Amino acid sequence: MLWNAVLLAMREIRRNLMRSFLTVLGIVIGVAAVIIMVTIGGGATLQVTEQVASLGSNLLLVSPGQRMGMGQRSSASAFRLADAEAIAREINNINAVAPSSSQGATVVYGNENWSTSIMGSTNQFFVAGNWIFESGRAFTQSELRAGKAICVIGESVRKELFGSQNPLGQKIRLEKFSCEIIGLLNAKGQSTMGTDQDDLVVIPLRTFQRRLSGNQDIKLIQISVNDGQSTQKVKQAIGELLRERRHIATNEEDDFTVMDMKEISNMLSGITKVLTTLLGAVAAVSLLVGGIGIMNIMLVSVTERTREIGIRLAIGAMEREVLLQFLVEAVMLSSLGGIIGIILALIGSVTLANLMGVPFVFNLIIVAISFLFSAAVGVIFGYFPARKAAQLDPIEALRHE
Amino acid sequence: MSNAIVSHQSPLIELREVYKVYGTGQAKMQALAGVNLTINRGDFIAVMDSSGSGKSTCMNVLGCLDTPTSGQYLFDGIDVGTLSRDQLALLRRNYLGFIFQGFNLLNRTSALENVELPLIYRGLPAGERSERALNALNVVGLSGWAHHTPGELSGGQQQRVAIARAIVTQPAVLLADEPTGNLDSSRSREIMELLSSFNSELDITVVMVTHEPDMAAFAKRQIHFLDGQVVRDDDNGGAH
Ligand SMILES: Nc1ncnc2c1ncn2[C@@H]1O[C@H](COP(=O)(O)OP(=O)(O)OP(=O)(O)O)[C@@H](O)[C@H]1O
Ligand SMILES: [Mg+2]
Chain A
1 MLWNAVLLAM REIRRNLMRS FLTVLGIVIG VAAVIIMVTI GGGATLQVTE QVASLGSNLL
61 LVSPGQRMGM GQRSSASAFR LADAEAIARE INNINAVAPS SSQGATVVYG NENWSTSIMG
121 STNQFFVAGN WIFESGRAFT QSELRAGKAI CVIGESVRKE LFGSQNPLGQ KIRLEKFSCE
181 IIGLLNAKGQ STMGTDQDDL VVIPLRTFQR RLSGNQDIKL IQISVNDGQS TQKVKQAIGE
241 LLRERRHIAT NEEDDFTVMD MKEISNMLSG ITKVLTTLLG AVAAVSLLVG GIGIMNIMLV
301 SVTERTREIG IRLAIGAMER EVLLQFLVEA VMLSSLGGII GIILALIGSV TLANLMGVPF
361 VFNLIIVAIS FLFSAAVGVI FGYFPARKAA QLDPIEALRH E
Chain B
402 MSNAIVSHQS PLIELREVYK VYGTGQAKMQ ALAGVNLTIN RGDFIAVMDS SGSGKSTCMN
462 VLGCLDTPTS GQYLFDGIDV GTLSRDQLAL LRRNYLGFIF QGFNLLNRTS ALENVELPLI
522 YRGLPAGERS ERALNALNVV GLSGWAHHTP GELSGGQQQR VAIARAIVTQ PAVLLADEPT
582 GNLDSSRSRE IMELLSSFNS ELDITVVMVT HEPDMAAFAK RQIHFLDGQV VRDDDNGGAH
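Line by line, the protein sequences are chains A and B.
For the first sequence, the working numbering gives the first residue as 1, with consecutive numbering after it.
For the second sequence, the working numbering gives the first residue as 402, with consecutive numbering after it.
Be aware that a few hints might be false.
[Unchecked claim] Straight-line Cα separation of at most 25 Å, SDA-like style, residue types lysine to any residue; simulated pairs:
| # | chain 1 | residue 1 | chain 2 | residue 2 |
| --- | --- | --- | --- | --- |
| 1 | B | 429 | A | 393 |
| 2 | A | 388 | B | 532 |
| 3 | B | 429 | A | 400 |
| 4 | A | 171 | A | 191 |
| 5 | A | 388 | B | 423 |
| 6 | A | 388 | B | 486 |
| 7 | A | 388 | B | 634 |
Just so you know, these hints were derived from the structure itself, not from any lab.
Values in this document were obtained by computation on a predicted structure and should not be read as measured data.
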């Protein structure tokens, strides 16, 4: 009986190629849309979370000037090394204070050249930024004090200049001077803002000041707060200290900014969560539209199908045989659509994830839910009109208009 | 299969005071108004008379496609009214062949597959199924048309596919509602000879509706309907 039902269902599918195709298409669209959107949304959320973690959520960034709206800053005098030292000395509950200055420069190795950003700082920079050494070492105290021509490079710089060569011990040219590579940093990937965090060369602060900038300015102080300590309190303490050091009167505004990475990370993950929910809602709508499409196709063909059921009953089919045939047909079309949808969705999400540079996160639950929903729509709208028809007297089904 | 009915005590078919009423109140319409009819094994009956007199309704009741409003239908002594839907389906499947006035073929389905359909429900294996279906198409003169769909066939050809579908199972009772309505007289004659041979050689009981006295002459017995009642029942004595 089941084999007969499969045979009849396959004949029916072949007989109604267009209707079958549209049913499958509806399910494919519904399933693929949901899976792609949720997968990409999930990937983006994961990426933000990971990047925030790699930045270190205990990080405070202190820079001169005040933010004035979008991307603008009021000018203010830069910090000095003494400011960073004062923070390290007087503020409690912090484990790293990294004064730094940076500028863009072209680095040259042999015939290769690459324009990147040069960061002058201390070993504290590696601590505050959670940097891990892939190979080589950090600076020594004497190297830092002497301002030696040595550097630590990021993964992107290594890739551009050295390819498969080992960079350690090689000399690269930074504008006016050449320096030896003593360390290679582990790759961090793109930042939340889409910039490449691995595209940098770190040199001792003193080397930077003497050979590149020619001044004593510190543009950024990164402070890493001890785990479990309130970044809020530390932020306030730093603010008070710097106001005092920069002689700001009580009625004046700060002429520096302390950014708390935790606030930023909370804000960012909030945004991505909203986005994922939004994508999910859009996807749910497409699932619904696909479902309504299937419903339409099924309902439009009810008259024809009712007559067909009448013929089958008149010829001697039992109600349950007719229903089994319709069920098999609906299940076959729905699962075909579901499988095609899942395959398309996986190809689509992997491609999109690559294009957008977000990780590909396979979410089995969403795959299962969208598949089941579409299959249910296909089966319900394929099966229930058939059931109604199969319960009629054959002659009534045949007379259906 | 046609000889599966073995009890010979009772007549094959008996209708007792069968009524079929459509609509209610003012629009009430008695398509069958107390039909009494006995059909014996091996009968070849022609049902005659004017349009709208209830012939098709009666055939549908006989074919277990329609339930009468009241009255009794005994098939081989069994009260059909007491059978379940599945039992009725099995009765249709195993004992009855029906040729519809309006053909009722599956659209976009080849003649061969249409004729195979009742055999699928009988559970025949694929090889035997197509062999018998092709044979039935051959018998009605459609051997070259097996793979054409109803849309590609003329009215007469469709009617012959419908006939092939009804006879392919060699049913105990063949119910034919105007089987020659769309055929020219020579083709009609062929079909009537075919039905006669089924009746005489395979012992298939045939009940046939027709408007044409020429065709009715092939039957052994003629029944006339008027206003939902059998008004005349003549024995032809196997007139041809
Ligand atoms: N489903 C229905 N609803 C209402 N009235 C119906 C229905 N089917 C048939 N009738 C009525 O019952 C009467 C008998 O119809 P039937 O089809 O049995 O006639 P017939 O003798 O087969 O006619 P014809 O020779 O034209 O085929 C007709 O008057 C018709 O209007
Ligand atoms: Mg009629």
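task: For the pair supplied as a hint, residue 429 of chain B and residue 400 of chain A, confirm whether the alpha-carbon distance does not exceed 25 Å.
output: holds (20 Å)
Agreement of residue 388 of chain A and residue 532 of chain B with the hint, judged by alpha carbon distance not exceeding 25 Å: violated (35 Å)
- request: Below or equal to 25 Å on CA atoms is what counts here, so check residue 388 of chain A against residue 423 of chain B.
  value: holds (22 Å)
- prompt: Does the alpha-carbon distance linking residue 388 of chain A and residue 486 of chain B stay inside the 25 Å limit?
  reply: holds (14 Å)
message: Run the distance test for residue 388 of chain A versus residue 634 of chain B: straight-line Cα separation, threshold 25 Å.
response: violated (40 Å)
message: Between the alpha carbons of residue 171 of chain A and residue 191 of chain A, is the straight-line distance 25 Å or under?
response: With Cα atoms ~28 Å apart, residue 171 of chain A and residue 191 of chain A exceed 25 Å; violated.
- prompt: Is the hinted pair residue 429 of chain B and residue 393 of chain A satisfied, with a Cα-Cα distance of at most 25 Å?
  reply: holds (20 Å)
Of the numbered hints listed earlier, those contradicted by the structure are 2, 4 and 7.
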